[in-house]
Amino acid sequence: MLDKTGIAKRIAQELRDGWYVNLGIGIPTLVANYVPDGMQVEFQSENGILGMGPFPFEGDEDPDLINAGKQTVTLKAGAAIFDSSMSFAMIRGQHIQLTVLGAMEVSHNGDIANWKIPGKMVKGMGGAMDLVASANNIIVAMMHTDKAGNSKLLPHCQLPLTGVSCVKKVVTNLAVLDIENGSFILRERAPGVSVEEIVKATAGQLIVPDVVPEMKL
Amino acid sequence: MNKVFANADEAIFDIPDNATLMVGGFGLCGIPENCITAMVKKGIKGLTCISNNAGVDNFGLGLLLQNRQIIKMISSYVGENEEFERQMLSGELEVDLIPQGSLAERCRAGGAGIPAFYTPAGYGTEIAYGKEVKIFNGKPHILESALQADFALVKAWKGDTLGNLVFKATARNFNEVMAMAGKITIVEVEELVQPGELDPNFIHVPGIFVQRIFQGVNYEKRIEQRTVRPNPTPN
Numbered sequence: 001m002l003d004k005t006g007i008a009k010r011i012a013q014e015l016r017d018g019w020y021v022n023l024g025i026g027i028p029t030l031v032a033n034y035v036p037d038g039m040q041v042e043f044q045s046e047n048g049i050l051g052m053g054p055f056p057f058e059g060d061e062d063p064d065l066i067n068a069g070k071q072t073v074t075l076k077a078g079a080a081i082f083d084s085s086m087s088f089a090m091i092r093g094q095h096i097q098l099t100v101l102g103a104m105e106v107s108h109n110g111d112i113a114n115w116k117i118p119g120k121m122v123k124g125m126g127g128a129m130d131l132v133a134s135a136n137n138i139i140v141a142m143m144h145t146d147k148a149g150n151s152k153l154l155p156h157c158q159l160p161l162t163g164v165s166c167v168k169k170v171v172t173n174l175a176v177l178d179i180e181n182g183s184f185i186l187r188e189r190a191p192g193v194s195v196e197e198i199v200k201a202t203a204g205q206l207i208v209p210d211v212v213p214e215m216k217l
Numbered sequence: 001m002n003k004v005f006a007n008a009d010e011a012i013f014d015i016p017d018n019a020t021l022m023v024g025g026f027g028l029c030g031i032p033e034n035c036i037t038a039m040v041k042k043g044i045k046g047l048t049c050i051s052n053n054a055g056v057d058n059f060g061l062g063l064l065l066q067n068r069q070i071i072k073m074i075s076s077y078v079g080e081n082e083e084f085e086r087q088m089l090s091g092e093l094e095v096d097l098i099p100q101g102s103l104a105e106r107c108r109a110g111g112a113g114i115p116a117f118y119t120p121a122g123y124g125t126e127i128a129y130g131k132e133v134k135i136f137n138g139k140p141h142i143l144e145s146a147l148q149a150d151f152a153l154v155k156a157w158k159g160d161t162l163g164n165l166v167f168k169a170t171a172r173n174f175n176e177v178m179a180m181a182g183k184i185t186i187v188e189v190e191e192l193v194q195p196g197e198l199d200p201n202f203i204h205v206p207g208i209f210v211q212r213i214f215q216g217v218n219y220e221k222r223i224e225q226r227t228v229r230p231n232p233t234p235n
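If you're matching them up, the sequences are chains A and B in order. Under this note's numbering, the residues of the first sequence are numbered 1 to 217, in order. Under this note's numbering, the residues of the second sequence are numbered 1 to 235, in order.
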């Protein structure tokens, strides 16, 4: 079974040289720590950065320089700053090659819910609805089940949707799954996790190929 | 033409109760601290605020929320503010949550004479209820309308007395489009300079969008999430 770092490491294997990538808050942010050596990937932050760098050294924090998670960050050489409408022009205009975000629920036709629990938690969608409506390549990073053990990979999302038929790949603490033609397809198992455990933890339609290799991290 | 005001109290002198305001910033980054303080002091009530976020409990727009001066928020993300969440869930505060890109573009459109536009963001979700849907290139889009405000409150890094503005780093965020969409745009700057001191090639907002400008004071610039890495150990 993977921890959050493991999920981020596995997603980092999906990066390709020259890509512009938007990482959501939480596990997705960790992906930036595992860019393969020699690969150039530029991170976009929707509050207005292209070429976001690592966290600043202690004492170098600049309150005027934050990422979309409101964390203090730095700029890489060659970074660009822009306003919010320009930022979403990049996103809606499909100039971003990969979007990674967290979710509360994903359905087997690629619907995603991650912004609201009616009557309980309403933080808002932020940029997530713009991102999922526009991106061609969306990976969801999340735990396979909630804290009570209920599957987060469902036939239909129960929570208010963020976007419809948009998620193409899900990386969880248990597995890598693609979403194609209304089904989850089990592509890889996390180290030490059996196919049976994944089947049990997946409520939506799941196709299990004859061979399901273990992830290589 | 005189756009220069002495301070925030004078610049906001005619904002009435029940006004619709745009307030720049992303989280606590690039917010008009002086204008918010002046509005708290003046006690203007019944405000509708269009702002990406709602501040935190005791800073930014959170100060106006604590005082019950805001009756409606139009935002994209309002986490990190318990008082906000309490007022929203209890129904005291009306909240219109809209996708961040749609918020930015609706402000831009409001300032640019575009009454409405189609966007894919939010199609198939509850924010599309009641909105026209149209297919372009085989993909459904929803019609979103432009936003305008009686007053836009903007924070810039430098500005000249004609209202030309330059922002610093990510404090730019929504300030640029909101400056465009305010019927009266009030700007506070860290450094107010004379015409000619800013390079015309690097102006972010041309002065035509700005009606009032003043030299701000005592910026706190609170950091919401201080994240650092350890300093390299000297050897």
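Don't read these hints as lab results, they were simulated from the structure. Don't be surprised by glycine CBs; every beta carbon is placed ideally from N, CA and C. Among the hints, erroneous ones may be present.
[Stated by the list, open to error] Covered by chain B, according to a simulated footprint, are these stretches of chain A (three or more residues, beta-carbon under 8 Å): (1) 5-17; (2) 96-107; (3) 127-139; (4) 152-164; (5) 177-191.
[To be verified] Listed next, the in silico DMTMM-like pairs over lysine to aspartate or glutamate satisfying Cα-Cα at most 20 Å (straight line): (6) A:K116 with B:E10; (7) A:K123 with B:E224; (8) B:K41 with B:E80; (9) A:K216 with A:D3; (10) B:K168 with A:D64; (11) A:K120 with B:E80; (12) B:K221 with A:D37; (13) A:K147 with A:D3; (14) B:K221 with A:E214; (15) A:K123 with B:E220; (16) B:K3 with B:E191; (17) A:K116 with B:D14; (18) A:K116 with B:E94; (19) A:K123 with B:D14; (20) B:K72 with B:E10; (21) B:K158 with B:E191; (22) B:K3 with B:E126; (23) A:K120 with B:E10; (24) B:K45 with B:D150; (25) A:K116 with B:E197; (26) A:K123 with B:E132; (27) A:K147 with A:E180; (28) A:K9 with A:E196; (29) A:K123 with B:D96; (30) A:K216 with A:E61; (31) B:K183 with B:D150; (32) B:K45 with B:E10; (33) B:K139 with A:E180; (34) A:K123 with B:D17; (35) B:K72 with B:D17; (36) B:K41 with B:E85; (37) A:K4 with A:E180; (38) A:K76 with A:D64; (39) A:K76 with A:D62; (40) A:K116 with B:D96.
Hints, one by one, checked against the model:
Using a Cβ-Cβ cut-off of 8 Å, 0 residues of the stretch 5-17 of chain A lie near chain B, which falls short of the minimum of three, so the contact claim is violated. Here the stretch 96-107 of chain A counts 0 residues with a CB under 8 Å from a CB of chain B, which misses the bar of 3, and the coverage is violated. Coverage of the stretch 127-139 of chain A by chain B holds. Counting CB-CB distances below 8 Å, 6 residues qualify, and the rule asks for three or more. Figure legend: the stretch 152-164 of chain A, annotated as covered by chain B; annotation consistent (5 residues with Cβ-Cβ distances under 8 Å, at least 3 required).
Only when three residues or more bring their CB closer than 8 Å to a CB of chain B does the claim for the stretch 177-191 of chain A stand; here the count is 0, and the claim is violated. Note on A:K116 and B:E10: the hinted pairing is violated, with a Cα-Cα distance of about 40 Å set against a maximum of 20 Å. Distance restraint check for A:K123 and B:E224: the Cα-Cα separation of roughly 16 Å lies within the 20 Å cut-off, and the hinted pair is therefore satisfied. Distance restraint check for B:K41 and B:E80: the Cα-Cα separation of roughly 24 Å exceeds the 20 Å cut-off, and the hinted pair is therefore not satisfied.
Of the pairs offered as hints, the one joining A:K216 and A:D3 holds, with about 14 Å between alpha carbons and a cut-off of 20 Å not exceeded. Simply put, B:K168 and A:D64 have alpha-carbon atoms about 7 Å apart, close enough for the 20 Å limit, and the pair holds. The suggested pairing of A:K120 with B:E80 holds, with an alpha-carbon distance near 14 Å, which does not exceed 20 Å. Taking the CA atoms of B:K221 and A:D37, the gap is near 36 Å; set against the 20 Å cutoff, the hint is violated.
About 14 Å separates the Cα atoms of A:K147 and A:D3, which keeps this hinted pair within 20 Å; it holds. The suggested pairing of B:K221 with A:E214 is violated, with an alpha-carbon distance near 48 Å, which exceeds 20 Å. Distance restraint check for A:K123 and B:E220: the Cα-Cα separation of roughly 25 Å exceeds the 20 Å cut-off, and the hinted pair is therefore not satisfied. In summary, the hint linking B:K3 to B:E191 is supported, as the alpha carbons are separated by about 15 Å, within the 20 Å threshold.
With a C-alpha separation of about 38 Å, the suggested pair A:K116 and B:D14 falls outside the 20 Å cut-off, and the hint is violated. Of the supplied pair hints, the one linking A:K116 and B:E94 holds, its CA atoms being roughly 16 Å apart against a limit of 20 Å. Under the criterion of a C-alpha separation no larger than 20 Å, the hint pairing A:K123 with B:D14 is inconsistent with the structure, at around 33 Å. Annotation: proposed proximity of B:K72 to B:E10 is violated, straight-line Cα distance about 25 Å (limit 20 Å).
Distance check on the hinted pair: B:K158 and B:E191 sit about 5 Å apart at the alpha-carbon level, within 20 Å; holds. Restraint check: the Cα-Cα separation between B:K3 and B:E126 comes to about 43 Å, which exceeds 20 Å; the hinted pair is violated. Of the supplied pair hints, the one linking A:K120 and B:E10 is violated, its CA atoms being roughly 41 Å apart against a limit of 20 Å. Annotation: proposed proximity of B:K45 to B:D150 holds, straight-line Cα distance about 14 Å (limit 20 Å).
With a C-alpha separation of about 47 Å, the suggested pair A:K116 and B:E197 falls outside the 20 Å cut-off, and the hint is violated. Between A:K123 and B:E132 the alpha-carbon distance is near 26 Å, which puts this suggested pair outside the 20 Å criterion. Taken as a hint, the A:K147 and A:E180 pair is broken in the structure, with Cα atoms around 27 Å apart against an allowance of 20 Å. With a CA separation close to 24 Å, the supplied pair A:K9 and A:E196 exceeds the 20 Å bound.
Restraint check for A:K123 and B:D96: satisfied, since their Cα atoms lie roughly 12 Å apart, inside the 20 Å limit. A distance of roughly 36 Å separates the Cα atoms of A:K216 and A:E61; the hinted pair therefore is violated under the 20 Å criterion. Of the pairs offered as hints, the one joining B:K183 and B:D150 holds, with about 5 Å between alpha carbons and a cut-off of 20 Å not exceeded. In summary, the hint linking B:K45 to B:E10 is supported, as the alpha carbons are separated by about 18 Å, within the 20 Å threshold.
Taking the CA atoms of B:K139 and A:E180, the gap is about 18 Å. The hint holds against a cut of 20 Å. Between A:K123 and B:D17 the CA atoms are separated by roughly 27 Å; this puts the pair beyond 20 Å, and the hint is violated. Between the alpha carbons of B:K72 and B:D17 the distance comes to roughly 13 Å, so the proposed pair stays at or under 20 Å and holds. This hinted pair does not check out: B:K41 and B:E85 have alpha carbons roughly 24 Å apart, beyond 20 Å.
Using a Cα cut-off of 20 Å, the hinted pair A:K4 and A:E180 is violated, with the two alpha carbons roughly 25 Å apart. For the hint linking A:K76 to A:D64, the alpha-carbon distance of about 16 Å falls within 20 Å, and the restraint holds. In summary, the hint linking A:K76 to A:D62 is supported, as the alpha carbons are separated by about 14 Å, within the 20 Å threshold. Simply put, A:K116 and B:D96 have alpha-carbon atoms about 13 Å apart, close enough for the 20 Å limit, and the pair holds.
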